[in-house]
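Protein chains: 2
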Amino acid sequence: MAVGGVTGSGPGSPLGLHRVLAPAGVLPQAAWQLDPRPALWPDEVRVAVERLNLDAASFRQLREATGGAAADMRAEVGRIVAERGKMQNPVTGSGGMLTGVVEEAGPESPLGLAPGDRIATLVSLSLTPLVITDGLAGWDGRSEQVPCRGHAILFGRSIATVLPADLPGPLALAVLDVAGAPALTSRVVGQAARAAGPGTPPVVAVIGAGGKSGSLSAAAARAAGAGRVIGVVPARAEAAALRAAGLADEVVIADARDPVALAAAVRGAGGPAAVTVVCVDVPGCEGGAVLATADGGTVVFFSMATSFTAAALGAEGVAADVTMLIGNGYVPGHAQLALDLVRREPGVRGIFEARVSEETRGNRPGLEEK
Amino acid sequence: MAVGGVTGSGPGSPLGLHRVLAPAGVLPQAAWQLDPRPALWPDEVRVAVERLNLDAASFRQLREATGGAAADMRAEVGRIVAERGKMQNPVTGSGGMLTGVVEEAGPESPLGLAPGDRIATLVSLSLTPLVITDGLAGWDGRSEQVPCRGHAILFGRSIATVLPADLPGPLALAVLDVAGAPALTSRVVGQAARAAGPGTPPVVAVIGAGGKSGSLSAAAARAAGAGRVIGVVPARAEAAALRAAGLADEVVIADARDPVALAAAVRGAGGPAAVTVVCVDVPGCEGGAVLATADGGTVVFFSMATSFTAAALGAEGVAADVTMLIGNGYVPGHAQLALDLVRREPGVRGIFEARVSEETRGNRPGLEEK
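Protein chains in written order, with the working numbering: chain A, 1 to 370; chain B, 1 to 370.
Simulated from the structure, these hints should not be mistaken for laboratory data.
Cβ atoms here follow ideal geometry from the backbone N, Cα and C, with glycine treated the same way.
Mixed in with the good hints there might be a few duds.
Claimed, not checked - Label-pair distances were calculated between CB atoms; the ranges are:
1. E83/B with G296/A: 36 to 44 Å
2. A22/A with D166/B: 51 to 59 Å
3. R355/A with S357/B: 56 to 64 Å
4. R60/B with H18/A: 51 to 59 Å
5. A195/B with P115/A: 39 to 47 Å
Said to hold, decoys possible - Computed footprint of chain A on chain B; a stretch qualifies when at least three of its residues, placed anywhere within it, have a C-beta under 8 Å from a C-beta of chain A:
6. 202-215
7. 252-262
8. 302-308
Bound-form chain A, shown alone:
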């Protein structure tokens, strides 16, 4: 797999269209099959893969479908990648991200990467050409983090970031995985703060503030000028951890799927919110998020469990004049902003370290999965 050399007949499409085998004309993410051969088009980069980080929904589906035995998990991921030329779970449609070392950068690549750089991709595995060469022999099938040898291809318009030297690898990976949320939260809260003026900084509610994207978003909201940050969590233990982390001015417990209870909890803590950020990955949170938000306010949905129609019809159904944003995983500068928050805020770092440690424990044979 050390084959190199620029063999594309011209510059590649920055979107990777030249790697789409089927069906014709779609973007790589929508494609059934990509061409993952190692030879580069002039604007591409080839990465020697070290680790795949499967997305949570995909990992759960694979475990349920195969029963979770190591050999079966390895075989299933291997089969998908061999068939599709990328690790996109055919059931969930989702992928994940990867880390590795740059092997070769085409002469026209705009990504600024050089051989030897240790990087993480910030675009989904669901659109990244991939070949696995070690049969995933180092994976016990019990963790979303998959040791892996092989190569992956980055396009001209892909996004990748050099892994920071000052943070442990698993921590940095966990932060980069959710970096879009704090960046967009920062932008939206900053706009709201400027619109409101210095005397009345906006109230921000973060639903699921005890999690990874939630804790980062709470810290980003405060840094961007929030007047009061209300953190909503589902249970007492998480509330205690969030209080200890000091990331929210008020911490309240509510079931985000119960719209009346959620709205009452946020209002009782100083709401309604000018900006509500939804970071819980369960379906049915749209109505409560809308009701917790003030007229003229904004809801940002980061959860992949969000239903477009439930949000649209739900807001109409209660005559709520709220702006509803689809959380875009890409905001310029998002990786740096998220890593800086973790460096600067011990509360965020503590929550991440606890989560990463839990995930690592989940990797021990014999431990019950939660």
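With chain A's structure known, arrange chain B on it following the hints.
Here is chain B on its own, set in the frame of chain A:
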């Protein structure tokens, strides 16, 4: 069904929570079953129904499931409403709207309606308590417009509008059905125009500009300060009609599901767009809409066929810094804004009259459905 009198034991919930029978604690839209009895809580309004306007997705599903014979269509709609206390298609989740005459307004109703007012509801049938009393005897099952006798209940926070005297009923109904799109388009384009300054008015692309919500959105974009309106339609006939209507500065033909073709068409017509408005009700338009939009621009998704994850992952996948909005069907003043556009713009009125006439022809026995 002429039973009246205020019988609620206190003010109702403005959201209608007191009418939810099952499951407990959810909003009326998410409920399986509502209590549609005619006696009013003090802040409610009862309407004598004249016509249901089923939403297009629901009507299509009903026709396919029943085969479309009048007796079967009547029986199926009757069964749903008897069982659920509202006309919410259990398969599509969608409803529609209704017209009727106000029968009684509770003393604490904030809606400003009086008995005798002929109104249209602007909240979905999927959350409106409803009883049908005539077995839908006047409906031949061939049109989304369903003559109907019975009653419906409006809550304190429901939205309804008195039907205008100067426009034919079916035309007004068709306009009100999509009134959220031009109102939100007007707001977003107005913001973009102010941000850009007077010298560089924003380019606006309307995908599906030949349809009802699309033509209104194109007209609203121009009125709100768009510098150039690019209308995208799927076929020649529609392009000719849109050109004749004069609502777009450029009219281009492209398949909105083909991202590369759509982006190329918009760019070729003076794009990329600062604001892209998606009004086509087919799945798979997310990627093209993102690619057709300039960095820093905004995409507004009005189509109920929009996939939240496809939009979120799609934008990330091409590193597009675009703001993506979930089209909220409610914007204050939306009914008036939409009706005024139809009154003022002969091009919009022409497109609506042609569409309404097509739908009426679809109602004739023996005509092929398209």
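Quick rundown of the hints versus the structure:
1. E83/B with G296/A: 36 to 44 Å: holds (38 Å)
2. A22/A with D166/B: 51 to 59 Å: Check passed, 55 Å falls within 51 to 59 Å.
3. R355/A with S357/B: 56 to 64 Å: holds (60 Å)
4. R60/B with H18/A: 51 to 59 Å: Hint violated: Cβ distance 38 Å, outside 51 to 59 Å.
5. A195/B with P115/A: 39 to 47 Å: holds (42 Å)
6. 202-215: Our answer is that it is violated, as 0 residues pass the Cβ test (under 8 Å) against chain A, missing three.
7. 252-262: holds (count 4)
8. 302-308: With 4 residues close enough to chain A, the hint holds.
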